[in-house]
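J.: Listed below, chain by chain, are the residues.
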Amino acid sequence: MLLCASHFVLHSQNEFKSGNVLLKGGNLLTISHGDMEETDLLIMDGKIAEIGKDLNPPRNIPVLDVSGMYVMPGIVDAHSHVGLDAVNEATNPITAEVRIADVINPYDIALYHALAGGVTVSHAMHGSANVIGGQNQTIKHRYGTQDPNELIMEGAARTIKFALGENPMRVHGEGAGIIPNTRMGVETVIRQGFDEALQYRRDWEKYADHKENGIISKPPVYDLRLEALLEILDGEIMIHCHSYRSDEIYMLMQVCKDYGVKDLVFQHVNEGFKVAPELAEFGAMASVFSDWWAYKFEVYYSTAYNTTILAKNGVITSVNSDSRELIRHLYLEAAKAQRYGQLSDSETLKLITLNPAIQLGIADRVGTLEVGKDGDVAVFNAHPLSIYAIPQYTFVDGIKYFDCTEDPPDMRVLIDISDDLNNFMELQSGRGDHECLH
Amino acid sequence: MNLYILKKLGFSLFFAGVFALNSSAQIVQPAIYGDFLITGATLYTVTQGEIEADLLVEKGRIAAIGFDLEVNEGVQIIDATGKRVYPGFIDAGTRLGLSEIGSVSLTRDFNERGNLVPYVQALTAINPNGVPIAVTRVSGVTTVVSAPSGGLFPGTAAAIHLLGYTPDQMYAGSKAVLLNFPNKGRSGSWDRRSDEKREEEYKENMEKLGDFWKEAERYHQLKSKGKLENQTNPPLDALQAVFQKKYPLFIEVNRAPDILEALKWAKDKDIRVVLTGVAEGWRVASEIAKSGFPVITGPVLQTPSRAYDRYDTPYTNPSQMKAAGVTVALRTNETENVRNLPFNAGYAASYGMGIDEALRAITIVPAQILGIEDEVGSLEVGKLANLFISNGDPFEPRVQIERVFIKGWDVPMESRHTQLYQQFLERSPGLQLNE
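Protein chains in written order, with the numbering used here: chain A, 459 to 896; chain B, 1387 to 1821.
Chain A extracted, bound-state conformation:
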């Protein structure tokens, strides 16, 4: 309790559950319009309704005094696997038809841990076993519900996981004796997949043409996988590609140019800094680890300065977690871009707010404190880029989901008796906690 807000406000548990709240007198880090000292932020019906000094809200709007505290947009994690029952459909180099939306687990305590770190939105991703993996799902951390669909962020852009390099080579080449066994094979899988989808489209067009002209012919077999690939080519699904080495990053940009695909976000992208000018020219974006390296050969020649180099070269860059552990302190992970490259405060905060929001196609909804955007807000007792910052309150849609002053120890939605004293959760030893084959 001592660690939480010194100005402890007495309020009932349900007071901040209506989607209406006035956050009074905080230091707003708006991201879009600079910092505003001692400013009120009014959320009505789950949306930011007004920002200004000494606002006069309608009666009966609950007021939370956040004077002396820092108020920032809810943190967005562009690469996560929390709240999921399954991650990797590692059975084929292309599994574009599977959907993470089908395996959302609202009971995962990691969702609450994320909220306790100010993270309100995460990009729940398929794993990296397949060259073209499954379709991801952007979720809002509306923790407490038992309905998986309530976590789904309505209207978020559709995205799909791609993966290059060692993981698909190991799983399929080494593991199953099929292509891809090399980075040459990885490229081939993508090109042949796209070509097959285009042929499939031509087959349907031919069939439609025949039908129009009264020619009787057999329709092609409906194929969900190829349908999804076509949606990528049509720009309806955005690629989020697991990648490490600069050559493979460059390769995918060439493939995308050839097929007219424009929406491209590279994930991890440890060697993105080596092709930063090319990424910037293409308009490809990057979502990186703050400092991970050396856990496998393809990240041996990487640097913690990756974030800064990418940002300085004009690449829209975010810092992600890909981990149940890191998602609890993404504000620290972002701050490491100041240790490694002295990025400014405003550039650094964008790494976990506006930039990931752009990468997920939800920048019109979240990522900044602006009137009309979702009431997703994280409140800290100190500047969030300070090591001494402690999250105080986290709101999603104007509803308070985390309160450091009212935080009972057991926050499970569903009590599982197998969680007894004999069981450890995934206590981190080395890298035991990471679910995707990063």
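Calculated from the structure, these hints are not laboratory results.
Beta carbons: idealized from backbone N, C-alpha and C, even for Gly.
A few of these clues could be false.
Ranges between beta-carbon positions, derived for each pair [said to hold, decoys possible]:
1) Q1507(B) - P866(A): 46 to 52 Å
2) G1446(B) - G772(A): 42 to 48 Å
3) R628(A) - G1500(B): 25 to 31 Å
Once you have looked at the hints, place chain B on chain A.
T.: Below, chain B alone, put in the same frame as chain A:
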């Protein structure tokens, strides 16, 4: 030689070639030895508060602290006005130098075959030229304990300074024999053993530990009476240093019930006991305090050990133990990212420990636990010149570590990571080869 072996051999030769070629392409500059006078800074001595004074480094040691110091000709004066000087940080639990690339098994030297191998020496396998070493030391971490892992007695850990070309040059004068205390519970959600099976295996392990220890004790008694002179027994010989109290026994234990068992087991043993890991120390903090055993805990930045625990228990664990009276040092348990030690300490500080105690937990306290407090862990005259200069509070991510000295050597502020930064921030050629 069959085809399989040939293939294997060819594979590893290929990799050896690749590594040699690439690592020689990016080697950091050598450190420079000399006399250094650091002026104008605030000295965060750890043991004697914060002092504004000059600090003189001579012959690898802190020769003087004060004003108008007598210096030798040729002394290099470092104007550190407005900066801070700290003793080099100590991470008392890492795998640094024992692994180069996590997924490439032939570069991993921390896990020997066998359950009772206390004789394998971390110091032998620490690669002085490993890339992670330079990456780590520019963060201000100058000394680490590098430890093997694996079975019941996985080996002997060593404290090293992060400078030198041979194990002897790096050795910081302290070792520890490691014991992974038997674990009664599941080790994670992947552990699918039945309750009976776990109980059975636990009993077996406790018996194995009991038998081995008894044998080692008897062996020690006989040896110290001058008997068994011509007899060698590697596992038992390796434990002699523990009975002689030359090295501590590091007991790795994390679950609360296991911690209590470990306390029971270690009680009344006439050895130097240190508990390591201790993730659930907060549950049994007063019991640990009563034992008097010091603790090396961490990482602080880890998930709670149980789904029903408060989200911040790993952050508050060090302060809860400290408040109960336990001697607490911090560790990262990391390999290539030991540089996160100050951030782990920062979290411990924020969540109840306070900045001063957290600083002690990565300087003087681990030095005392390791028995090298006369050499490192604070800014005091006579100690090794293991120190760094920063432009602010080194726990803060935005602060830059500007100079690092290890044993009086001026360490280049260079690593693979900074070199790549310099090469690629403004890449040349840019988009076009001939712009």
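J.: Hint by hint, note whether the structure agrees.
T.: Right, here's what the structure says about each hint:
Taking the beta carbon of each, Q1507(B) and P866(A) are about 48 Å apart, inside 46 to 52 Å as hinted. Between G1446(B) and G772(A) the C-beta distance comes to about 46 Å, which sits within the given range of 42 to 48 Å. Hint check: R628(A) to G1500(B), Cβ distance near 28 Å, so the stated range 25 to 31 Å holds.
Against the hints set out earlier in the document, no violation occurs for any number.
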